[in-house]
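> Each chain, letter by letter, is given below.
Protein chains: 2
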Amino acid sequence: MKALILLADGFEDLTLFLPWYRLREEGAGVALAAPFLHAVTGQRGYAVEPDLAIHDANPSDYDLLLIPDGPAVERLRQREEAVDVTRTFVESGTKVAAIGHGAQLLISAGVLDGRRVTCSPGIRDDVRAAGAVYTDEATVTDGILLTGRGADDLPAFAKALMALLGAPRRAALAT
Amino acid sequence: MKALILLADGFEDLTLFLPWYRLREEGAGVALAAPFLHAVTGQRGYAVEPDLAIHDANPSDYDLLLIPDGPAVERLRQREEAVDVTRTFVESGTKVAAIGHGAQLLISAGVLDGRRVTCSPGIRDDVRAAGAVYTDEATVTDGILLTGRGADDLPAFAKALMALLGAPRRAALAT
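Protein chains in written order, with this note's numbering: chain S, 497 to 671; chain A, 497 to 671.
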């Protein structure tokens, strides 16, 4: 299992680190891609070094695309290579997971028509205008596409992400 | 499974949120305890509302004590009720997990003599002086006591925490 995460300055820190480290906990390979090979900084100040530039990312090398929340997404959607990578994942039927404002990149890629999604409440009108069916839920899975409402819903998002990736659920912790 | 997390202003944000949300993902109950019933703020600015004051926490209600990293621990170790709660967990054989500077509270509780631990490198001399056997590893589990080196090692910490709590490992994600 190999995942690609799209980043730019202003990512929402928890919505990067929690899924990233959750995937690493499961032994998955994870590559961080940013517009340039410079460190990027989250809204809360955590800095991370990208592994590659987005224009060097080959979607067929990965089993999952993950887009964290944050103002970073408005930066990413203005970059053609980020929009192209996102469209390629969806059109090739590869799994895609977007949290909060991550859905803005899905709008720009033109892949939301007829899809059931959730997102940050402030962009619900935009996902509807893009043809998606919006629901105010912690997470929504529609085929290959998993969307999460935001950082507060990360426990449910992690569970849904594991289900999307086909990891069998283990027994709940003893009570 | 019910966990108690000890917090004060200056907790290291990721070392709170990752284990906290990981436990919630598994369906565990988690209570956040702070010196007072005011919101506490992490080093990076995430604010959380405690569920209870530490002096109202009854260790026998819980199966796990978790102490996140951060300068918060120097605040906690100056409060008798936080030291007492920590000592009670260890002496009653209940599981305890401490990340980074979390070991400072274990020093103040006087429970490290003869224990194998890891911790933030800047306090390794202090844990040695308290009688512990320090190793520079991502995580160390010694009986009921799990210690983690810091935020960068959270994927390994989450794995070790799940093992400590007795959740069976599921199969790795397909490659």
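Heads up, a few of these hints could be off.
Since the list gives no way to pick out one identical chain from another, each pair is judged satisfied if it fits inside one copy or across any two copies.
Computed list of lysine to any residue pairs in SDA-like fashion (alpha-carbon distance at most 25 angstroms, straight line) [what the hints assert, rightly or not]:
#	residue 1	residue 2
1	K498	R620
2	K655	A535
3	K655	R573
4	K498	T631
5	K498	L669
6	K655	D559
7	K498	I619
8	K498	E521
9	K655	G525
10	K498	G662
11	K655	D552
12	K498	D622
13	K498	G627
14	K498	G610
15	K498	T590
16	K498	I640
17	K498	H534
18	K655	L548
19	K655	N554
20	K498	M658
21	K498	G618
22	K655	G606
Hints listed in this document are in silico derivations from the structure and should not be mistaken for laboratory results.
> May I ask which of the numbered hints given earlier this structure violates, with the numbers listed in increasing order?
Numbers 1, 2, 3, 4, 7, 11, 12, 13, 14, 18, 19, 21 and 22, in rising order.
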